[in-house]
Amino acid sequence: ITTELTLSNGKIDRLAFTQRDPFPARGLTWNQRMTVAIGGRRTTLIPVQLNARRVDVPAARRLPARFVLPNGGGIAYGEFHLDRASLTWLMANLPSIEDELTRGAAWITLWDAMLNGEVTPDALLTLAIQALRVEQNELNISRVLSYARDAYWRYSTPAARTRFAPRIELVLRLGLDAARTPSLKSSWFSALRDMALTPPTVQWLTRVWMQETQVPGLTLSETDYIR
Numbered sequence: 011i012t013t014e015l016t017l018s019n020g021k022i023d024r025l026a027f028t029q030r031d032p033f034p035a036r037g038l039t040w041n042q043r044m045t046v047a048i049g050g051r052r053t054t055l056i057p058v059q060l061n062a063r064r065v066d067v068p069a070a071r072r073l074p075a076r077f078v079l080p081n082g083g084g085i086a087y088g089e090f091h092l093d094r095a096s097l098t099w100l101m102a103n104l105p106s107i108e109d110e111l112t113r114g115a116a117w118i119t120l121w122d123a124m125l126n127g128e129v130t131p132d133a134l135l136t137l138a139i140q141a142l143r144v145e146q147n148e149l150n151i152s153r154v155l156s157y158a159r160d161a162y163w164r165y166s167t168p169a170a171r172t173r174f175a176p177r178i179e180l181v182l183r184l185g186l187d188a189a190r191t192p193s194l195k196s197s198w199f200s201a202l203r204d205m206a207l208t209p210p211t212v213q214w215l216t217r218v219w220m221q222e223t224q225v226p227g228l229t230l231s232e233t234d235y236i237r
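Residue numbers (our numbering): 11 to 237.
Keep in mind that the hints were calculated from the coordinates and are not lab data.
Cβ atoms here follow ideal geometry from the backbone N, Cα and C, with glycine treated the same way.
Certain hints may be false.
Think about it this way: if two alpha-carbon atoms lie no more than 16 Å apart in a straight line, the pair counts; the simulated EDC-like pairs of lysine to aspartate or glutamate are [stated by the list, open to error]:
1. 21 <-> 93
2. 195 <-> 148
3. 195 <-> 179
4. 195 <-> 234
Restraint ranges, calculated between C-beta atoms of paired labels, are given here [said to hold, decoys possible]:
5. 14 <-> 237: 41 to 49 Å
6. 144 <-> 193: 16 to 24 Å
7. 147 <-> 72: 26 to 34 Å
8. 180 <-> 73: 35 to 43 Å
9. 94 <-> 30: 16 to 24 Å
10. 35 <-> 233: 45 to 53 Å
11. 167 <-> 191: 30 to 38 Å
12. 237 <-> 95: 39 to 47 Å
13. 14 <-> 168: 38 to 46 Å
14. 32 <-> 148: 27 to 35 Å
15. 63 <-> 234: 49 to 57 Å
16. 52 <-> 233: 36 to 44 Å
17. 89 <-> 234: 30 to 38 Å
Build the full structure now, drawing on both the sequences and the hints.
Here it is, written out as structure tokens:
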């Protein structure tokens with residue numbers, strides 16, 4: 011599903027969505043209801059019935075918009091390809107979106123964009139570091155930590171990991187210290203354990219493993235020590 015967006019003076023002139031069967035020989039069209047998020051830091055949700063290869067959204071005309079997110083309201087299914095303006099804005103400003111559901115949906119879409127080569131792993135890691143400094147929703151934190159871990163090890167280069175390691179480890183330590191629930195503390199600690207590269211962090215983890223240092227508010231199981 012691809013977004014077609016034309017803006018004029020920060021407002022929408024035209025918004026449409028096109029869909030394509032990933033197996034062109036079949037030529038199928040899926041009929042589905044989407045809740046589209048339009049906005050900047052504040053979002054407007056618009057229902058859209060995607061019942062043809064191309065669907066215009068006249069209700070969006072003249073709405074102020076910095077981005078359009080087809081799955082922003084949590085209702086939509088497919089592989090989404092954002093227009094350039096939306097992709098650029100979200101990569102720079104996603105953490106500032108007020109609605110936590112829209113932030114979560116945006117992360118799913120940007121992860122797919124990275125897998126499709128529309129966003130670089132380094133850019134996604136940079137955004138993750140920014141987001142983890144301010145994100146308060148536990149589900150979103152867990153999702154961003156998971157994406158950061160995978161991008162770090164599976165898609166970044168060794169040289170990039172060396173550059174990112176001090177910044178990532180710092181934000182993970184800060185998140186671990188500030189976490190208010192045992193489950194959130196466990197998520198932060200697991201990410202730190204899995205992503206640690208610099209000698210100071212590895213040495214700290216070694217002290218935790220040897221039970222010379224405690225992590226306040228976190229009880230480690232035998233499985234944790236094995237990992």
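*Give me the numbers of the hints this structure contradicts, sorted from smallest to largest.*
Violated: none.
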